[in-house]
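Engineer: Take a look at the letters that make up each chain.
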Amino acid sequence: MAQSQGYYVPHGSNWPIVGAIGLFLLMLGLSTALNGVGAGPAVAWTGAIVIIVMVVGWFATVIRESEGGVYNQQVDRSFRMGMTWFIISEVMFFAAFFGALFYARQMAVPWLGGESNNFFTNLLLYPGYENAWPTNGPKAIGGDYQVMAALGLPAINTAILLTSGVTITIAHHALKDNNRKVLGWGLFATFMLGFLFVSLQAYEYIHAYQEMNLKLSTGIYGSTFFMLTGFHGLHVTLGAIMLVVIWARCLKGHFTPTHHFGFEAVAWYWHFVDVVWLGLYIFVYWL
Amino acid sequence: MSSVTTTQDHHDDHHPTGLKRWLTTTNHKDIGTLYLVFSLTMFLFGGSMALVIRAELFQPGLQLVDPGFFNQMTTMHALIMVFGAIMPAFVGLANWMVPLMVGAPDMALPRLNNWSFWILPMAFTLLGMTLLFPGGAPAAGWTMYPPLVLQTGDAFPFLIFAVHLMGISSVLGAINIIVTIMNMRAPGMGLLKMPLFVWTWLITAYLLILVMPVLAGAVTMLLTDKYFGTSFFLAAGGGDPVMFQHIFWFFGHPEVYIMILPAFGVVSQIIPTFSRKPLFGYDSMVYATASIAFLSFIVWAHHMFTVGMPLAGQLFFMFSTMLIAVPTGVKVFNWVATMWKGAMTFETPMLFALAFVFLFTIGGFSGLMLAIAPADMQYHDTYFVVAHFHYVLVPGAAFAIMAAVYYWLPKWTGYMYNETLGKLHFWLSAISVNVTFFPQHFVGLAGMPRRIPDYATQFTDFNAISSVGAFVFGFSQLLFAYIIWSCARGGQKATDQVWEGADGLEWTVPSPAPHHTFDTPPVIK
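Residue numbers (our numbering), protein chains in the order written: chain A, 1 to 287; chain E, 1 to 525.
Keep in mind the hints are simulated off the structure, nothing from the lab. By construction, the Cβ of each residue, glycine as well, lies at the ideal position given by its N, Cα and C atoms. It cannot be assumed that every hint is accurate.
[As the list claims (entries may be wrong)] Ranges of calculated distance between the beta carbons of each label pair, as one might list FRET restraints: (1) E:Pro187 with A:Ile206: 58 to 66 Å; (2) A:Ile156 with E:Lys20: 49 to 57 Å; (3) A:Ile87 with E:Ile431: 47 to 55 Å; (4) A:Ser116 with E:Gly68: 34 to 42 Å; (5) A:Gln74 with E:Ala481: 36 to 44 Å; (6) E:Trp485 with A:Ala42: 53 to 61 Å; (7) E:Gly141 with A:Leu124: 27 to 35 Å; (8) A:Ala42 with E:Gly135: 17 to 25 Å; (9) E:Gly308 with A:Ala42: 43 to 51 Å; (10) E:Phe297 with A:Asn118: 20 to 28 Å.
Chain A extracted, bound-state conformation (with noise of 0.2 Å):
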């Protein structure tokens, strides 16, 4: 595979456009929904999908370009760049659910129960509400609900998105050493764990909103449990797919022992996931 001399500065692209036109639909959509138009899942739907074309066209053209030799060692490293600084950012976005748990832990909850200097807090607005965790707050939002176990599901959860993280070494190693057999198995049990992981955490959801009367709207310990876990699952299902992606890529021929970014992100982006689960099982079930 020849590798080009210069950087490769690309011709116009419509792709972005097309993206940023998707984007649109798609925020306009949800607002409208949320409103309550009729016409708005619709839209939004309809900007999916653009965005969807989008992202499945712009990463052929880019696949097809590193494929044809067009991007030197030097765009390699501004693709490796690129990518750290956008898990970078994705980390800081779980921070700030994070940020939210840990304040509403140590400070607003201690606060209503009267701590620090908010006596007449407590006894003239939530008499009687004491500092505890978890708790759906001093009006007991959501009503009774029974409290997520860490032991149990979650564990297994945990065991698996650990496997996964090994099974992902096990096919890069696979790919360095140019054997591609247990590459293509490797990332098969991958994302086959990731997916796995989805589903028991889709099945909790499910426990939790028919028996145990934990919701989004129990209170804070509900908005703080969902959202978190939420977003993590969203990204661990994007995550998978992104697998699948470089699996198919794989037993097409892609990747070489020492060419294979689009492989390196996707893994760098399942220990990205794999690490913002165990704070999750630290501090949103264990704790």
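With the hints as your guide, set chain E onto chain A.
Structural biologist: Only chain E this time, still in chain A's reference frame:
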């Protein structure tokens, strides 16, 4: 082995023309121009909202607009100026100048660059269309504090999703700038040889990546609190409205440095050029910029001294905020020392840069006054705060942008702008900006609250003066738009170096800079 045949012929001249050129361009100069034109449009749009505000405040009583619309104007003016005018202007300058200054053929990720830009008009269409809604535009202030913001009508989800889009645009743009600077520098350009504008943008881009997602998280919680029954900002459910303020200002304080660090960079380019001396204390400028960026993460609660936080919190945030004066003082000292015994001339960019140093410092000093927690109990939410942040944003950030435009316009268009009109624009702006904002210190200290359409009669004189200044300032900017337009159409031919004392790679390419520059990287000695 593939269908790709165009590996090296990407520098041909078959550019699409007309609208398609601008919609599909991957060229950093085209995209830089798009950002700058968009920013100027938003600047005039947001500025006209400021004139509605000042017209209403010309005299006490309710004259022109009803209070609800007044609140929409203050909210939209801030959102448009922050996210639509100042930030895109600096991104546009980065797009145009960073590749030229580091000797790169283009931005590192050109397609992504196009996407970053075109998301912005989409975001502002979503936000702007709410002005036409029966319930009007968002009116709870750009800081979007709950529970008030949760009372926004149909405009609410449009506000939230517009902010999401602005965030996506900023993060993607910042990633591109970091990668360009870290990976595309010409051989021999070590980090400590980079022009200061490049350095300040590198640090700004880190700030953007670290805080824009936090804003996205904060507004997402607002959305779920309003529509999906979560209790993040609801005390009855164990949440806390003050929690939003903490998360918002964790974004918001770095955000104000996002709007001023590139301005520092611009001024650090211009003052050496027109003083005909190298920048004094280059290394200390870099370290001061990095220190300010670091400190910006541990000062956020000085925006909320009056919410009733523990004393230890007030003390910590007061002292950490005052600490920022140290690296900022280093910068001001270095600018002054650069001019010391320089062979100075006072072309328009230099005039704006000098006004920046002087007037930004006034804004910095009033910031120190606000940092003193016990004094802030008096100043909080008064016009003193409005005067403070307008001093750092208008004769601060906006003047730096104008300085940069005059400085680099000959490089972009190939023609010199009209110097007489440029100077006229400067003096009109510099005088009227002070007439507008200086009296606001006085009414603020005397107790006039911000974000209110009516006021007690003792504040009338200063408000009337302020409104006159605002209208002069606003209409002076039409002159700015005319100067840019006429410069793009023709005039005296600019030389490659443009300015006698100019130094740097961007002055080695022809004026106007050709569509593609530095296809083969220059070697820096």
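Engineer: Given the hint of 34 to 42 Å, is the C-beta distance from A:Ser116 to E:Gly68 inside that range or not?
Structural biologist: Once the Cβ atoms are compared, 38 Å apart, the range 34 to 42 Å for E:Gly68 and A:Ser116 holds.
Engineer: Between A:Ile87 and E:Ile431, does the C-beta distance stay in 47 to 55 Å?
Structural biologist: holds, 49 Å
Engineer: Taking the beta carbons of A:Ile156 and E:Lys20, is their distance inside 49 to 57 Å?
Structural biologist: holds, 54 Å
Engineer: Can the suggested window of 27 to 35 Å be confirmed for the beta-carbon pair E:Gly141 and A:Leu124?
Structural biologist: holds, 28 Å
Engineer: Take the C-beta atom of E:Pro187 and the C-beta atom of A:Ile206, compute their distance, and say whether it sits inside 58 to 66 Å.
Structural biologist: holds, 59 Å
Engineer: If I claimed the Cβ atoms of A:Ala42 and E:Gly135 lie 17 to 25 Å apart, would that claim hold in this structure?
Structural biologist: 23 Å Cβ-Cβ, so the 17 to 25 Å window holds.
Engineer: A range of 53 to 61 Å was offered for this pair. Does it hold for the Cβ distance of E:Trp485 and A:Ala42?
Structural biologist: Violated: the Cβ-Cβ distance is about 42 Å, outside 53 to 61 Å.
Engineer: Holds or violated: 43 to 51 Å for the Cβ distance of E:Gly308 and A:Ala42?
Structural biologist: The hint (43 to 51 Å, Cβ to Cβ) holds, given that E:Gly308 and A:Ala42 are roughly 47 Å apart.
Engineer: Could you say whether the range 20 to 28 Å given as a hint is met by the Cβ separation of E:Phe297 and A:Asn118?
Structural biologist: holds, 27 Å
Engineer: So the hint says 36 to 44 Å: do the beta-carbon atoms of A:Gln74 and E:Ala481 match that?
Structural biologist: holds, 39 Å
Hint 6 from the list above is the single one not met by this structure.
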